[in-house]
Structures are given as C-alpha cells and as structure tokens.
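Enquirer: Construct the complete structure from the given sequences, taking the supplied hints into account.
Residues in the sequence shown are numbered from 1 upward in steps of one, following the UniProt record's numbering.
Treat the hints as calculated values from the structure; they're not laboratory data. Some hints here could point you the wrong way.
The calculated lysine-lysine pairs, modelled on BS3-like cross-linking and capped at a C-alpha distance of 27 Å, are [to be verified]: (1) K119 <-> K93; (2) K93 <-> K64; (3) K64 <-> K99.
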Amino acid sequence: MKLQFVLLAGAIAFSNASPHPTLMEVRQYDDDTPDQTCNCTGTTPGPLPSSAQYICYDWRLGPKVLPKYLPLSSELSSYDRFGGLTPGEFLAKWWDSSKSQFIYPGDETQGFSTDINGKTISGVISVPPNTYLDRFGGETGMFLSSADTPYSQRSLPPSNLNTRVEDPGFPNEYHVYRVTKDLQLNAGPIAPWFGQPGLGTQLYSGPRTVADLISNGTLERVDPSVLISNRQQKGCGY
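Expert: Below you can see the structure in the form of structure tokens.
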C-alpha cells in the first residue's frame, strides 16, 4: 500500500496570511518512491545512511517502502499507516517520550478487546498441529496471530515492519511458524490501537516466549512462502 502525504492548499494559504506562520518541515527523499515529500514536523531524524530507509528518517515510523511480494503485500493491502494523522501527530499520540517507547494497552488487558464492563474478551484454546501462526517482531515476544491476518487487524506500530540489522534473514521482522503439537494459548479479538481497527485474533503464549516454544519443539520456523502454497492448495492463488 502506497502512502500519500498531501499538503492542503488551504493550510498553505492560511500560513502565508498569518503573521506567525506555523513552520512545516518538508524533507526530500532521494529514492525511486513516488511520494518524495512528507510533513515531518514533530519527528526525529536518525543518522544517515542507516535511517534513510524510514519515513522522515525516523525508525519509529517504519520503512518508506512496504513489501510488494506475497504474502506480505496482501497482509498490508488495507494498512493506513498513521490512521489519518501526520507522522508528527501520530508520534504525539502514541509515543511516550518519558519512557522512549510506544504507548501500549495496559497489562490488565494484554491488548485484548474488552466488553462494556471493561472485562477482557479472551479464553484458552487448543491450537492443533499443522496450524500456521505468524508474528511481526522478535522471538522474545509472547504474541502471535493466525497466519495471514491483515496488519491493520493486529494493532501494531509501524516500527514492527522494520527489518532488524542483526536479523536480516527475516525481512520486515516477519516470522511464520508451524504448530507441531497441541498448543494451549489464550485467544481473543485484538483491541483497536495505533489508529488501526484491530479485531484480528490475538494468541498469547505467556509466560512462555515464542523462543521457548521453538526450543521445546512446539513451534517450527517455516518460510513465509508456505502461506502462498497453502492458498493455492485451497484454490485461491492471489
């Protein structure tokens, strides 16, 4: 999904008419992407050249270029990265400067949706062998999703799409796993967050990490291309 950042003519006219115009920082990107300007006011550019891959050169905003290959292209097809906000507005809402981290739902809900009484909507399920699960993020985490869940339904920040320098074998931090034996997980709908609709199925493995489940043989790493083959077997090859 291509991002489009539009500077409204009305806003520019207002700025010109005001005796104290609001400064708008616009950075130029030297790459082949069609959207080469962006309102980067309120962002923090990192060092070059390592930060050139990120929106506004700010790692928190994720990569400028999203994957155009399956299965990731389909998972990102409905993704509105900033939920209608500018990059700076997004960070002002979702970034905790005092802790230098994104603001996540509280530990009480663990990111699950809640009912009208504030009670978490979740329950323990048994995931059978040969089920595919996936995750955007390192293997020290405890959250998984059903493979191929749209990114917008996961309520993750854009930085989870960054490719880690120390882990280049997993572009966009995307990992796919095959369940090898019955696996008990806490499951439920994901709460809307980060300007995303959420409501995909979240699977929580705590206190075990994904790395623990790999180590004890419950999860097996597989190439993401298995999801493409799985679609074709079901008669859906796109």
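Enquirer: Evaluate each hint against the coordinates.
Expert: For each hint, the structure was consulted:
1. K119 <-> K93: Holds. K119 to K93 sits at ~25 Å (cutoff 27 Å).
2. K93 <-> K64: Distance ~21 Å between K93 and K64 Cα, so the pair holds.
3. K64 <-> K99: Measuring from Cα to Cα gives roughly 25 Å; hence the hint holds.
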